[in-house]
Structure formats: structure tokens, C-alpha cells
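Generate coordinates for the entire structure from the input sequences, incorporating the hints supplied.
Chain by chain, the residues run as shown.
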Amino acid sequence: MIEKVLIANRGEIALRVIRTCRALGIKTVAVYSDEDANSLHVKQATESYHIGEAAPAKSYLNQEKILEVMLSSGADAIHPGYGFLSENDDFARLCEKNKINFIGPSADSMNLCGDKMKCKAAMLKAGVPTVPGSPGLVKDAKDAARIANDIGYPVMLKSVYGGGGRGIRIVNNDKELHGGYESVTGESIAAVGKSAILVEKFLEKTRHIEYQMARDMHGNTVHIFERECSIQRRNQKLIEQTPSPVVDEETRARIGQLVCNAADAVDYTNLGTAEFLRADNGEFYFIEINARLQVEHPITEYVSGLDLVKLQIDIANGEPMPFRQEDLRMNGYAIECRINAEDTFLDFAPSTGPVPDVNIPAGPGVRCDTYLYPGCTVSPFYDSLMAKLVTWGQTFEESRSRMLAALDDFYIQGVETSIPLYKTILGSKEYKNGNLSTDFLKRYGMVDRLAEDLKKEKELKAEAAVAAAMAYSEYFKSRVQGAGQGWKR
Amino acid sequence: MIEKVLIANRGEIALRVIRTCRALGIKTVAVYSDEDANSLHVKQATESYHIGEAAPAKSYLNQEKILEVMLSSGADAIHPGYGFLSENDDFARLCEKNKINFIGPSADSMNLCGDKMKCKAAMLKAGVPTVPGSPGLVKDAKDAARIANDIGYPVMLKSVYGGGGRGIRIVNNDKELHGGYESVTGESIAAVGKSAILVEKFLEKTRHIEYQMARDMHGNTVHIFERECSIQRRNQKLIEQTPSPVVDEETRARIGQLVCNAADAVDYTNLGTAEFLRADNGEFYFIEINARLQVEHPITEYVSGLDLVKLQIDIANGEPMPFRQEDLRMNGYAIECRINAEDTFLDFAPSTGPVPDVNIPAGPGVRCDTYLYPGCTVSPFYDSLMAKLVTWGQTFEESRSRMLAALDDFYIQGVETSIPLYKTILGSKEYKNGNLSTDFLKRYGMVDRLAEDLKKEKELKAEAAVAAAMAYSEYFKSRVQGAGQGWKR
Amino acid sequence: MNYKIQDVKKSFDGVITRNLGGGEFIIRINDAEHNLKILEMSTKGIEFILDQRYHRARYLENSTSEMSIVIDNVPVTINMHTHFDDIVYKNSGGGGAVNAQTSLKSQIPGKVVSVTVSEGDSVKKGDVVCTLESMKMQVTVKAHKDGTATSVIVKEGDTVAKGDLIAEIK
Amino acid sequence: MNYKIQDVKKSFDGVITRNLGGGEFIIRINDAEHNLKILEMSTKGIEFILDQRYHRARYLENSTSEMSIVIDNVPVTINMHTHFDDIVYKNSGGGGAVNAQTSLKSQIPGKVVSVTVSEGDSVKKGDVVCTLESMKMQVTVKAHKDGTATSVIVKEGDTVAKGDLIAEIK
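Chains as they are written, first to last, in the numbering used here: chain A, 1 to 489; chain B, 490 to 978; chain C, 979 to 1148; chain D, 1149 to 1318.
Just so you know, the hints here were simulated from the structure itself, not pulled from any lab data.
Any given hint might turn out to be false.
The calculated lysine to any residue pairs, modelled on SDA-like cross-linking and capped at a C-alpha distance of 25 Å, are [claimed, not checked]:
| no. | chain 1 | residue 1 | chain 2 | residue 2 |
| --- | --- | --- | --- | --- |
| 1 | D | 1158 | A | 450 |
| 2 | B | 493 | D | 1189 |
| 3 | C | 1015 | B | 949 |
| 4 | A | 4 | B | 610 |
| 5 | D | 1192 | B | 865 |
| 6 | B | 944 | C | 1023 |
| 7 | A | 477 | D | 1168 |
| 8 | A | 97 | A | 267 |
| 9 | A | 205 | A | 153 |
| 10 | C | 1089 | B | 724 |
| 11 | B | 931 | C | 1052 |
| 12 | A | 58 | D | 1262 |
| 13 | D | 1273 | D | 1260 |
| 14 | D | 1185 | A | 356 |
| 15 | D | 1185 | B | 563 |
| 16 | C | 988 | B | 963 |
| 17 | A | 455 | D | 1262 |
| 18 | A | 477 | D | 1273 |
| 19 | C | 1120 | B | 937 |
| 20 | B | 493 | A | 373 |
| 21 | B | 945 | C | 991 |
| 22 | A | 458 | D | 1207 |
| 23 | A | 456 | B | 516 |
| 24 | B | 947 | C | 1008 |
| 25 | B | 947 | C | 1114 |
| 26 | C | 1114 | B | 671 |
| 27 | B | 945 | A | 46 |
| 28 | D | 1185 | B | 533 |
| 29 | A | 455 | D | 1179 |
| 30 | C | 1015 | A | 53 |
| 31 | C | 1102 | B | 665 |
| 32 | C | 1022 | B | 832 |
Some chain D residues judged to face chain B by a derived CB distance under 8 Å, without partners named [as the list claims (entries may be wrong)]:
| no. | residue |
| --- | --- |
| 33 | 1187 |
| 34 | 1191 |
| 35 | 1197 |
| 36 | 1201 |
| 37 | 1202 |
What follows is a list of derived Cβ distance ranges for each label pair [stated by the list, open to error]:
| no. | chain 1 | residue 1 | chain 2 | residue 2 | range |
| --- | --- | --- | --- | --- | --- |
| 38 | B | 769 | A | 397 | 43 to 53 Å |
| 39 | B | 812 | A | 90 | 53 to 63 Å |
| 40 | D | 1167 | B | 682 | 37 to 47 Å |
Here the structure is a predicted model, which is why all the values come from computation and not from measurement.
Think of the CB as a built atom: it goes at the ideal place given N, C-alpha and C, for glycine as much as any other residue.
This is the structure in C-alpha cells:
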């Protein structure tokens, strides 16, 4: 039985894991870099160990150091969160060697899932349809171009080591392919020190629909419904929802069965996600398995009533699945907005720095997983996800309107955020009608529409802005004159 | 259709109402006293109006002033929250006269519910059993004593204008009765300027079980399950949960039918609560109808999936009940802890003042309705409820363990709180086993057990306390020496 | 320095043995060494990691020999003395001085709604001295010892803060 | 004083007409009087109620004639001038000066992973000058105008803050 879990992560996901462990009476061990000494996960864990400098390679990716803390803290299990070492099969193997319960799939299964080529082959064998593309790795840009011409442009270049949308380029012709090939290679080497590239047909107006899957050590497999994650920028998810507006009961069950076959095919254990592209004609193509807990798992928790971190721990303890497929019922609708520190108008460039003040939304059907607190800092060393704002409703409309209200209520001082963009998206008729696709932002000119919305906002706030400016001058005048009274209640 | 709601209240309930209105696209008008200019409800409402001095009589109870704001702001409806004017039928009548949509029952129905005597008579007529006691008001202490001797001590003295546990005394003999009679009279006059007293048999080892009821303007009545609120101090609820461990499906439906009959009997409209005492032998006795939204409504929201404020607004708009009794299903278990600013060891005396820092719990199955933010102040002018911490779980055990974890996570700097007491209660085997009664605290010596728990806590924290003391001396030494370096990262 | 915590039997000898810089120290409590890493520090409070555990403390009142703090939500009173003090303290019969306290102070803020004791009245421990109203509740202030009310400070209608003097009982 | 807000057509004349004390003022904007009630105020920001609406603003940069603020999460640039300034401004052909700006500044913080332009190179608007890495992403800094890079300030491996100078393009 797991009694003490080391969480090899930071930010909101470290807090998320701590919360479930605390409720289960399981002790937690946090690790932190120089940059994170004042972070909430350090304060809320049972114990916290410093593991190195700010740069991930010197702390959160430092396998030896983390193993050392595992052993010295007496933790009996490790939760990798997402990102960092979560899908590193070398690390999973290191844990196995040291008899540490790694909360996730076996190193072998992870390796198979992570190797897009081998995984694709396994899927084809299991009867799970995949996207047309190179049968394996391409040798070089020339080889990639040959296949691209074979299956027809546009195609996607994907690093097999990528993940979460990094290490992917869409190219439309031979010229773009050569530049793209180099970028993907560069990003992959920068991220994991190596590179290997696949080519895949790029499908237009596709939806990203994924399934939560769970498989115990006794071979019991279930899917916990789908999530639609079509609202993306740079191939990274921004907004997710469940159920998908285009998945009916029949489709849910049919694709769900394929998902269970996929999990069986790679001998998966614990929780994972099977990602699909859904073409405009309704066909589903398997893309990959994310061999970890997903950022967007809370929407599944809302509609299933399950605590997915608890389920992970139960499975890691060797317990049989506590329910059967037919016991699961979807209850209501959930949406997640990833609140990123980024400037929409600077092509989503990161925005970092101190956050002197924050107001975090709450209320019925609202959940916000975040590392923010008044006085915290958004670090440039880690990714831009500051918070996950999740709402639930009995109807889609209720979850959507609650999200809009919660976005209004969310105040983050000091950094640019994706909140204004989400207000424009959630308020659009295209989103309301469920007219989603992975190119949603471009297709419907959302960034321009945001600019329009902000212009209107400026009109509305103009008089208040003038009042603020007037108060500022007057305040200084009064300070200079040594008066200053009457300025603070 | 309601388009702009004035909220004649403050604190967490004002925020609660604002949240639903915002999600529904309804404008909100906040009112505030001198004491509350910096409160969150002022900041989050569409518009906010100052209505007077800190003392409730000069602001939140000032009917004329609130009516004036209603008219000048153009609000078309009023939400009274709980407390203050929520059960004042004179105010409801004033609204009716001015064609303002009062979100609650009619003045007549409210008057009937508020008059414990008449209400009791109506219930007896409708076949709803009530507690034995005086058939009406008692004339004086002597009259009260006569009845008390008739039905047998212990008896309760209750002011008909009381509510929420104030204006109630339990007395065991003639001598206590005389002192108690004067206290109840005094408290009632202090609160509402008048007094009228009933005598009722005091039942031992009773549970407080209440039903959420809803009735539309077309006479459709439903109950939305029970809440058990047996954990009390001074007759005020501390911890509530649903379902009750002693209410099975058959009982739920049987008493639920009585509740619907009760609502019909007083021609109730909108949401209200029918309160019962459950004797140890399983008998239910009607006590009273609370003609308003209840503090503890969130636990019902969690298990029903309904937004009760939305339902209030729908009913006030004249819409028919959007569901039938048989459409309602209970999903899971919910618990609420009322986080009060009070010192358990000073007989629950209020604790007020600035709150420099707060950490508000969040996560799966956790909801916290609160007016707290870092830098706010807990005012001595209003009641001691700072926050409502609510947790949900698929099982009772899940909701309980989540509550314990969330209580651990809740940090309120600067005032004494009821959090430590709740940790002792939630962790006790009596609570875990559902062995509840309104004298739970005394019966199981919970305050002494808290003292024991705190002693153990002190042992655990001793070394850290010493370290903090050492750091303090050293810090001053270094400041005096003008060094001070190395003290802040 | 020697530290004694109310309700805790054990006493603690504490000394800072090394300043590692950057807010980090090695301290010794009784026979064990600990790593103390200070995250935030002011006269009002401290946040720190002791060995691998995070704590936050708020400093309330303190004199050279006594300190009230709230550590991780737990209120703690710490008595501090050098070993020399220790000897003096023991020899003066210290420790049982609470009953000698004459001042009756309000433990809550509130408005005085009635005063039941007059100057010169003799009172018994537990007798009601006055009644306060706060947060819509009436709370009584009771005599903390037997004696005579040599002075009654408050009168009806007064507003008192926490810690304000109500009466002197000798 | 006259106020002009970027992207807003209307311009605003603003004057404080009365100080009511306690942080309350009567102000006139164009022809309407408003009640301004200040809740909190510092050099960094303000919280206030204008008529019956709560707002909070953060003061970012400001000079005597221009001010950047974020009001209720909406970023706004305000140009301020007395009516006398107004005349001078118009007569000097002001308003189209942006293109004269030679400094290329970084709009994000990050680490310089490559520099593609050398001193003396001629560049076209949109050409990549250097690439920054921040939050695991690579972001390019592009020339804001056609011209010659008269100086390139950053080199590979440098860390730049938001607003730091990258190059001068003339």
C-alpha cells in the first residue's frame, strides 16, 4: 500500500496530487528548484526537498537527484504529474529497478506509447485506424518530402519525442518542409537531446477528440468518456470540454471500445489518454497515447464524479478497477479554460513576472486549480499554464455561462493572460453552436474579434480611465504639497 | 423577466447571489454600509450603493433606504439573502406595494410561516405532526411555567421572532424558566424590537433534519431532499450534511410528502426549508418553515446538481417548476462546515479584526463560499460566519476525508476560527458513524477533546515553535546591528 | 537559551550554530541539529522550512521572557530564559503567579449592554461582571477570581476592544 | 486637462470640482458630474467607485503627457494635454512619429538562443533579428522597420528582460 508519494513536479499539478493524497491520508514529498522555494506545493506537502537550480535540466528533469530524494525521504511511490519526467521511460525504468512504485504505466508500455512508430503499428494490428503517413521514421528532409508528395500536402512533421503540441509543424509544400524539418529537429534536441521525425497527412477542419482510459494490473480496461480539445493555438490545447458536441451515445461506445482495445494492445496500466483526430466526415483516426494524467483531467472528474488521482493510486496499489464500464454514467457538462501567462497579440508570447494581486473564481460548479496567490511570481523557466478554470453545468449552456461569469471574476494582476481571448471565444456563436475545429482561432478570426471586443471595452471604460488618470495627478499634487489626506479611507 | 436584482445583504451570500446572476446575464445592485465599502460584494456587483452606517438598523435593516436604492437604480427584483430583511413580512409587503419582485414567498405566506403559532395550527390541520407545547403565545413567565409543568420539563422557550437559533432557551425547572424568559425577551427586543414567546417540549437526543422545498406560482411543489444539521452550538448550526445517515429512501419520500403538504398548507412560493426534529425513536416533528434561502443550501446544490438561486429567480419570474419530483435524483454526499470567527474555548465568543492573510481551499469536490480575501477585516457589527466550506464525494467517506483535507488547507490569519473544532469533530468516530444529535458537542465532550488534540498538536509543533522564537531573537539582533542581511531571500 | 512551551512537558535548549547565508541556518535544539531555511521574515511573522517541513508563524505578544505565537494555526506560549534566569525563577517560587492577577480584561471586542457589579462589591469567581454584545450575540464577562471589585472601568454603552480592562478584583 | 484614449474616438475634458473629504470627490468629465469615491490609492494603483461602479486600475508607465494603465483588466493608453499643449502638438505635426523610433526592444523576457543580424546589415521590416527562448518556447524578435542595424546589443546566451534593447535600426 502506498503511504508516501513523491511528486516529481511543480505548479498546479503538484498541488492537485497533494490534495488527493491528503484526503487519503497519504504523506507527500515535494521537490523544488531555487525558483520555487516560495511555491504553494512546497508549503502544502508533508515534506519538501530542494533539488537544484531553476533550469528544468538541473532540477525537475534531474533523475539522479529525484531518485536520491525518493530514497532519503522514504517515499514508496512517485507521481510524475504531466510534462517533465512523466513520459520518460528511462526514468520509469530507473524507478522499477529501485523498486519504487511509479504511478503510471510500465517502462515498456510507456516506451511503446512514446515511440509513435511502434505505437502506430500496434494500433493497426489491433484494428484501431490511424492517420495516413510515413510507415516509420523518415531518414531526412528529402525522405520526408518524398512521402509528403506521396500522401499529398499539407502534411505534419512530428518529433516522436514531442508532446503537448511541441515539436510539430504543418507544411504546405517542399520549400516549407525543409525549414520545418529543421525547426522540429532543433526543438526536439533542445527539449530531450534527440530527434526523430514522422510525416503524417494533415487533415483539414479536424476536431481533436480524446478518451480518458484506465486499465488495472489485472487487465480490466475502461474508458471514462471523451473530451473535445479542438480549441488550440500552435497545436496546444486552450479550451477543453466534455461531452463533445459531435459524440453521441453510439459513437461514444463504439470509439470507446477501440480505446479499450488500444490500451490492451500496448499492455497499458494506470490512467492514460488516447487521442484521436475526427475528420469532418465523422471518421476517427488514432494519433497517440499520452501515457500520463492529462492537464484537462478535471472535466472528466466533473462529469464522472471520479477522483482520477485516487484511481491512479488505487491502480498503482494493484487494486482491481472499482467499477465496470456499465457503471459509469456521464452527469452534465464541463469546460476547462487553460489560463496561460501570454500575450495573445504578441502571437501568444510568454508574459512573466510578479503577480501582486489575484482574485480566484469560486462558487457553484466552479473549480480552479492554480498555483497563484497574491504576491507570487510567474517564472520564465517553466510553462505558461498558471491556472485551470473548470466549470460544470447540468446543460452545456449552464457550463458555458458559468465559465463566462468565472472568467469575469478572475483577476490576475501583473501579467498578460489568455482570459480576454477566452471571453471572446466563449461568447462567440461558433463556440456556442459547437462548431469546433483545431483551426478554430484562425478560421473564425478570433484574435481580430478579440481586438474588436477590447476596443468596445475601452469605450466602456473610458470615463473610468480618465477618472483614474485624474486621481493620479491629484494624488501626486497632494503628496507634493504634503497634504495627502482624504486619499485613503 | 427579472433583469436587475438588488441584493439586500452582505458577505458570502451577497457574493453567492451575484455569481448566479452574472452567469444568467442579470445585472446586480449591491448595497453597503460604512463598514463594508471594501467588501467583495461591493466590488463584484454591477452597481453598488452606500446605504448608511455600520449598525444593521442604520443600513441593511433600513427598509426605506433600500427601497429608495431599488427605485433609483432601476432594479426590478430584490433578493434578500438570509438574515436581515429576508423574513420580514413588512418589508415583503412594502416590495409588493411598490411592484417590486421580491424573490421569496408572498408577504402573507411569510407572515404565516413567521408566526410560529399560526403556522403550527396550519400544520396540524394539514396532518403534519408538531412538537407538544403551548397552543399559542404564553402571557408571561407564570403562564409559561404552568404549561411547562403540564407537558413536563425540560422545555424550550422560543421567541416567535427569533430565527437561526437566537431567541431560544432550554430550561429544566421553574427557577431556570424565569431567568430564561427574561433573556429571550431581551434578545428578541434587541433584535426586532418586540417579543412574544412560545413553550415547547424539549426532546432529548434529537436530530435536526430539514427539507429543502420549492413551490412555484402555479402550485407545483417538490422537495429537494433532506439535510441533517444536528451538529450545533447554542442552537446554531455548525455542520450540515446530506443525505442524513438515518433517512432511507422510504423515509425520504414519506417525510418529503409531508413537506410538500406543509408548503401547500401555507401557500408557499419560491424556495424555503421545513425544519423537523427527529426523536430518537424515529418520529419526525415539524418545527418551523424558514421562509428564505438557507445558509446550508450548497450541500443540496451538490447532491441535486441544481443552482438553487437560479431556481429562485425562475420561480420569481413566474415560470413553472422545470422538473417533477420523480426527475430529481440524489448524487453522492455533501458536507458543509460553517467557518465562524469565534473562540471555541471562550464559549464560542466572537473574534474580530483584520485578516492579513488567507488561503482558501479548492480542488475536486471542494467549494468555498466566502467573503474573505487577504487584507480584509472581520467586522464586529455582523454575524460570525466568514466562510462556508463544502465538500462532495461519491461516498460519505470521500466527502468527509475531503473536508478534513480542506480544513487543513484553510488558513485564516488574525482571528480565531472554528476550524480546529471541526477537525476534531470530523475526525471523531461518533461523527464517522453518523451518531449525531443536537447535543453532539456536549454529549461527546468535543470541546475537551479539541483541547486534547491541540495539546498533541503543540507537542508536534514544539521544535518548530522554538525555531520560530530563535529566529525572532536573531532577526532583531541583526536588525539592531544594522545587518539584517540574509533574512529575506 | 532555554525554551519551555505551555502544555508541553519537555523543555528545549536552542542555539544557532551556523549562518549559511541566504536565509539558511544550522540550529541545534537539545541534541539534534536542524536546517532552518527562512522564506519570509518580518516583525509580524515568519515563513520557514525546518529540515524538510514548511511552517508559518505569527508573532503576537512578546517580552524578553515570554512570547505568544501562532504556528501553523496552533497558538503556543513560549517561556524563554537563560540558565541563570532558571535558577532565579525557581528560587522565587515562580510559576504559580496567575491567581495574583487582579485585572479582569475583556477577551472579546464588543459593546457593553449592562454592568452587574459596582465598585466595592465582593464577587466570587464566575460571577457575571458585565454583558457585552458582539456579532448579534450577548456574551457575559465573568470574574476570574474571588475578591472585591476595587474598581469597575466600563459603563453601559461603552465599546471595548479585546484586552481592555473591565474591572480590578483584589 | 484634456484626455485622449487610444482606440477611443471621443476625447474627454476632466476637472475635479469638489473634494468632499474622506476620499470622495465630485469630478466633471465633459458635461457630466460624477461622484468619485477612492477605496485604496497608491503610486501603483487605485481602487475606486465611480458613481455606483467599482473599478480598479494599475498605473504602469507614465510621463507628463502619456499614461499607461490597466483598468479592470483592460489595458489603456491615455494622452493628456492642456488645451495649450493641444495647439502646439497639432502645429508640430505630432502623431505620426512612431516610424522614427530606432530602438528594437524585446517585448518578452527570455534567453537569447541565436542572433541572425550583425551590425551593419540592412534589414527589412519583419526580418528575424534574434530568437529568444522563454517558457519552453522559441520566439523570434523581428525588425519593426526597414533600415540598417547600426548596433546589435544582444549576443547568444544573454538573458533579456521585457523592454530591453535588442538592436538599433536606422
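Taking the hints in turn, this is what the structure says about them:
no.: 1; hint: D:1158 x A:450; verdict: holds, 21 Å
no.: 2; hint: B:493 x D:1189; verdict: violated, 30 Å
no.: 3; hint: C:1015 x B:949; verdict: holds, 19 Å
no.: 4; hint: A:4 x B:610; verdict: violated, 60 Å
no.: 5; hint: D:1192 x B:865; verdict: holds, 19 Å
no.: 6; hint: B:944 x C:1023; verdict: holds, 22 Å
no.: 7; hint: A:477 x D:1168; verdict: holds, 17 Å
no.: 8; hint: A:97 x A:267; verdict: holds, 19 Å
no.: 9; hint: A:205 x A:153; verdict: holds, 15 Å
no.: 10; hint: C:1089 x B:724; verdict: holds, 23 Å
no.: 11; hint: B:931 x C:1052; verdict: holds, 23 Å
no.: 12; hint: A:58 x D:1262; verdict: holds, 22 Å
no.: 13; hint: D:1273 x D:1260; verdict: holds, 20 Å
no.: 14; hint: D:1185 x A:356; verdict: holds, 23 Å
no.: 15; hint: D:1185 x B:563; verdict: holds, 21 Å
no.: 16; hint: C:988 x B:963; verdict: holds, 23 Å
no.: 17; hint: A:455 x D:1262; verdict: violated, 36 Å
no.: 18; hint: A:477 x D:1273; verdict: violated, 43 Å
no.: 19; hint: C:1120 x B:937; verdict: holds, 20 Å
no.: 20; hint: B:493 x A:373; verdict: violated, 33 Å
no.: 21; hint: B:945 x C:991; verdict: holds, 20 Å
no.: 22; hint: A:458 x D:1207; verdict: holds, 16 Å
no.: 23; hint: A:456 x B:516; verdict: holds, 19 Å
no.: 24; hint: B:947 x C:1008; verdict: holds, 17 Å
no.: 25; hint: B:947 x C:1114; verdict: violated, 33 Å
no.: 26; hint: C:1114 x B:671; verdict: holds, 17 Å
no.: 27; hint: B:945 x A:46; verdict: holds, 17 Å
no.: 28; hint: D:1185 x B:533; verdict: holds, 16 Å
no.: 29; hint: A:455 x D:1179; verdict: holds, 23 Å
no.: 30; hint: C:1015 x A:53; verdict: holds, 16 Å
no.: 31; hint: C:1102 x B:665; verdict: holds, 20 Å
no.: 32; hint: C:1022 x B:832; verdict: holds, 21 Å
no.: 33; hint: 1187; verdict: holds, 6 Å
no.: 34; hint: 1191; verdict: violated, 18 Å
no.: 35; hint: 1197; verdict: holds, 6 Å
no.: 36; hint: 1201; verdict: holds, 6 Å
no.: 37; hint: 1202; verdict: holds, 5 Å
no.: 38; hint: B:769 x A:397: 43 to 53 Å; verdict: holds, 46 Å
no.: 39; hint: B:812 x A:90: 53 to 63 Å; verdict: holds, 55 Å
no.: 40; hint: D:1167 x B:682: 37 to 47 Å; verdict: holds, 39 Å
This entry does not satisfy hints 2, 4, 17, 18, 20, 25, 34, going by the numbered hints stated previously.
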